[in-house]
Each structure stands twice: as structure tokens, then as C-alpha cells.
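Chains as they are written, first to last, in this note's numbering: chain A, 4 to 288; chain B, 6 to 260.
Hints in this document: simulated from the structure, not taken from any laboratory. Hints should not be assumed to be uniformly reliable.
Claimed, not checked - For the chain A half of the interface with chain B, some residues (derived, Cβ under 7 Å), not all of them:
#1 Asp174
#2 Leu182
#3 Gly183
#4 Ala184
#5 Ala187
#6 Glu188
#7 Gly191
#8 Lys192
#9 Pro196
In this text the structure is predicted, and so the values were computed from the model without any measurement. Even glycine gets a Cβ: it sits at the ideal position worked out from N, Cα and C.
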Amino acid sequence: MNDKLYRIILFVVALIVPIVCGGVVYALVTDAYDAFEHFGFFKFLTSSEWSYTEGSERYGALPFITGTLMTTLLALIFCIPFSLPVALFVGEYFRGTKIAAVLSTVIDLLAGIPSIIYGLWGFYTLRPIIMALNISSQGSGVLTASLVLAIMIVPYAASLSAEFIKMVPNDLKEGAYSLGATRAEIIGKIIFPVAGSGIFSSYVLAIGRALGETMTVTMLIGNTNNIPESITSTGNSMASIIANQFGEADDLRLSSLIAIGLILFLITVFINLIGKIMIKRARIV
Amino acid sequence: MESVKPILEFKKTCVSYTKQTIAVKYVSAAIERNTITAIMGPSGCGKSTLLRAVNLMHNLYQNIRVDGEILLNGENILSMEPIDVRRRVGMVFQRPAPFPTMSIYDNVLSGFVLNGIKLSIAEKDATVERCLRSVALWDEVKDVLNKKGTFLSGGQQQRLCIARALAMKPDVLLMDEPTSALDPIATKHIEELLVKLQEEVTILIVTHNMGQAMRISSKAMFMYLGELVEYGDTDTMFSNPSDGRTKAYLTGKMG
Numbered sequence: 004m005n006d007k008l009y010r011i012i013l014f015v016v017a018l019i020v021p022i023v024c025g026g027v028v029y030a031l032v033t034d035a036y037d038a039f040e041h042f043g044f045f046k047f048l049t050s051s052e053w054s055y056t057e058g059s060e061r062y063g064a065l066p067f068i069t070g071t072l073m074t075t076l077l078a079l080i081f082c083i084p085f086s087l088p089v090a091l092f093v094g095e096y097f098r099g100t101k102i103a104a105v106l107s108t109v110i111d112l113l114a115g116i117p118s119i120i121y122g123l124w125g126f127y128t129l130r131p132i133i134m135a136l137n138i139s140s141q142g143s144g145v146l147t148a149s150l151v152l153a154i155m156i157v158p159y160a161a162s163l164s165a166e167f168i169k170m171v172p173n174d175l176k177e178g179a180y181s182l183g184a185t186r187a188e189i190i191g192k193i194i195f196p197v198a199g200s201g202i203f204s205s206y207v208l209a210i211g212r213a214l215g216e217t218m219t220v221t222m223l224i225g226n227t228n229n230i231p232e233s234i235t236s237t238g239n240s241m242a243s244i245i246a247n248q249f250g251e252a253d254d255l256r257l258s259s260l261i262a263i264g265l266i267l268f269l270i271t272v273f274i275n276l277i278g279k280i281m282i283k284r285a286r287i288v
Numbered sequence: 006m007e008s009v010k011p012i013l014e015f016k017k018t019c020v021s022y023t024k025q026t027i028a029v030k031y032v033s034a035a036i037e038r039n040t041i042t043a044i045m046g047p048s049g050c051g052k053s054t055l056l057r058a059v060n061l062m063h064n065l066y067q068n069i070r071v072d073g074e075i076l077l078n079g080e081n082i083l084s085m086e087p088i089d090v091r092r093r094v095g096m097v098f099q100r101p102a103p104f105p106t107m108s109i110y111d112n113v114l115s116g117f118v119l120n121g122i123k124l125s126i127a128e129k130d131a132t133v134e135r136c137l138r139s140v141a142l143w144d145e146v147k148d149v150l151n152k153k154g155t156f157l158s159g160g161q162q163q164r165l166c167i168a169r170a171l172a173m174k175p176d177v178l179l180m181d182e183p184t185s186a187l188d189p190i191a192t193k194h195i196e197e198l199l200v201k202l203q204e205e206v207t208i209l210i211v212t213h214n215m216g217q218a219m220r221i222s223s224k225a226m227f228m229y230l231g232e233l234v235e236y237g238d239t240d241t242m243f244s245n246p247s248d249g250r251t252k253a254y255l256t257g258k259m260g
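Here chain A stands alone, though its shape is the one from the complex:
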């Protein structure tokens, strides 16, 4: 009897999570429906207008999709030259030493810093540097947001890559050493090929993080509703346009914002799913 009750409680509790998740998706879809119906799904995706003059309202998601993809891609590019050496440092060169433990703890701490703090640092420290270097006049923009975003995703990419680098069997490394290979040759020709799909999947998951990051990007991207002309231009990401306008929006504009949210949700789910599947496949024999 007790056992049965216990099972029922567990079952109900376990069911709540998927129900809530389904509810979120349902709400997104129904609330976004107006916008898709009014503009057409593909028209909404490819239109770059965002005007809320009453009577001639036009909303399109393209500037924000572009903004999100640009910041994410740039953040990824900036993140690789820092996260990959860190992963090699912790996972191979200084594996098991105190200094590696300290470094990986510090890196993990980076992941725990609230994004508003990154935003403040970006705004009051990095932005003036960007202005002083004459990279852009206002300091805010895609570049500034991407740089801070890159720092934010380093811990995710580095610690997961390091795990995959550690998983490369010692047998293989000693085998390669016994053939006269140097450490650099072993990293390039054994460790990277063997751990490659795992390392790749850690970057996919890092991208998943960068796509949805809201606070930092909102504070640094400049918040203009146009397609960024270059990496130093201002713009808006999908998350930042929602954060900026959800409070004052209603009717069609609100529905358009929710539609952008739905698209962001789908992209993020897709990327995370790919990352998870790749991690499963990356198990090393």
C-alpha cells in the first residue's frame, strides 16, 4: 500500500515537469499565432522592418535573428583561442596538478558570475576601451557584446572539452610516445582526432548558452532595431529586443515579440539537442 502511494506521488511529480514545459510551448505558440497569421511565417522571418507607428505596424524578425547569430558566432570565434588552450592545460599538460585544479576552479567560478555583473563590466570597463581605441564611437555594439559573451561561454567550452581530452586513453598516448612522437604531435594527431567530436559538441553546447544570453547582450549591443551593417554597428539580438520592449508592447507587437521568443526557443532547443546527441556519440572506446 505504502509502496503504491509512493509510486503515485513520484509519477505525479515527474509528470509536472513535462506538463509545465508543454504549457510554455503551448503559450508561446498560441500567443505568437497572431503575428504569424498577420505577416505570414516566412515573411515574418525575412522582414527587416520594425515599426510600431499606429495604423501601419510592421514587424519582422530578421534584424534580431541576424543580431543573435552575429553575436553568437563572434563570441564563438573569440572564445576558441582561450578555451582550447585552457582545456589542454587542464586536461593534458598539467593534468592532475595543483595548478590545473586551481585554474579549473577559477574557470568554473566564471560560470557562476551573474550576467548582470558581466554586463556592468562590459559597459563601464570594456566599452570605454573600445571607444578609446576608436573602434566605434559609441562603444556599444555587436563587437562589445560578443567579446563579453565570449568570456561568459569560455567556462562551458573549456571544462567540457577538458573532460573529453582527459578521456583519451593513456594507452594511445603512450603508444604514440613509444613511436617517437612529441607532445605537440600527440595533441595534434592523437588527442584532437580522438577527442574531436567531444570537443566539437562542447562548443555546440557553448553556442546554446550564447544564443539565449539576454542581460549582458541587452546592456551592450546598443539596442537599435536594424540589421547590423558591420561588427562594430549597434543592433539587437532576439533576446534583447524582447527584454527591451515586452513591458510596453501589446496586441500585434507583443505577439511579434513572442513569435521571436518562439523562434529563439526552437533554435536553442535544436542546438542543444545536436550538442547532446553528439556528446553521446563522442564516447571514446
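Add chain B to chain A, keeping to what the hints say.
Coordinates of chain B only, in the frame set by chain A:
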């Protein structure tokens, strides 16, 4: 007649993991060219540690010290560059571990690939065929050279690892219990192979299997607690060991 110079010579070789634990104590022995020398002894006696000193594997780990001398053709290995030593002294490990991302073909050539040595296609093909023939694997894999090395059976994988070591044309081949992870038939294949291979390369093999030592080696070392207790002709050691400890081990009274 001029006496044959030994290819490999241990001179008071010591290996220590920490200042207190000395794993190999003052081993001196001369290894003759084109022989198979078996290193025997109970677990923890230092036989693998001695073997791994020969290709400077201990350099990979901090705190391990190797003292004394190990001469390869009269030259002290301990003062040579590890990379040069390892190209002349091949090694086969306990567990077969072909490189999983490489094909059978590339596994044979992995020594060249890893060292960045470029070969022409004709040289590559010739090396792959020569090495796979020497390990009697050619007929079994010649049609599947592009498959991954991990696709082979355990015994085949181990022969592939021997081929990979032979491709570098080493003077000495070190083998650390190469058949302990294999079934009896695969073991028999490898043993037959090693007997033939001694014409090309001098083999130093660590083994737990006394029958194996008797079947394939002409010289044998018996180690106990880090010391080289006895070194001589395998036949003599098995029929008439000069040390009580060797006798106790060989008759199963000590293990």
C-alpha cells in the same frame, strides 16, 4: 673471433619512484643482438619498470628517476633525446591499442605520420605490406586496409601494434606482456611470430607466463624485489636455476 658486441647493455641501472621506493636496483646485463630475452618475476618485481626505462617512458612522468647507464650500441640512452631513442626502440604494450581514428593502413604508418616524416605513395604501400607480412597479418587484412584498426580482433590488433612498431625499423623491440590480454590461439600466433621476428630485431619481453618464456626466449632474466637475481640461458635457468629464489618461483612455490 671477435666477440659480438651487445646491442643493449644495462649498467647498474636503477629506477626509483620516490626517494624511498626503488623499483629497480642496480641491474647489470648485456643483451645480445637478434635474441629474445624474457624478463620474468612476480608482480611488482620491477620488470615492467626496467623495460620502460629502455625507451625513456619514465621521462613522461615527474618524480621517476633513472640512474646508472643503459647503452644502446654503446651509446648511453639516458643522455640521449627521448624522441631519438624511441624511434630506435619500439614498444608493444599489454593491451592492444591501435589508434582508433586511423585506418589499418595509417596505423602501420603512424610512426611516420606522428613524426611528420613524408613518404611517397610507393614507399607507403611497400612499408605497409612489408610490416603486415612480417606480423602475418597481410593476408587477413589486405582487402580491408581502409577500415579502422579497432575493427580487428584482439590478436589482430596486437599484431597491428607490432607492425606499427616494426615500421620504424627499430633496433630493439620492447614487449610488456603482449599476450596477457589475448586468448590462447592469438597468443600462439604472436609467439610464433616473435620467434621469426628475432631475425630482424632484438626482443625484450616481459612475461608472466613461464611456458611462454620457455617456448620463445633463448635468454631469461629473473627479477625479484627490484633486483636481477639471475640472467642466463633460458634452458639452463629452467632446468638448473642457480639461485634458490629463481627455483622457488619457477616451481610455483613463490609467486
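Report the numbers of all earlier hints that the structure fails to satisfy, in ascending order. 5 and 7
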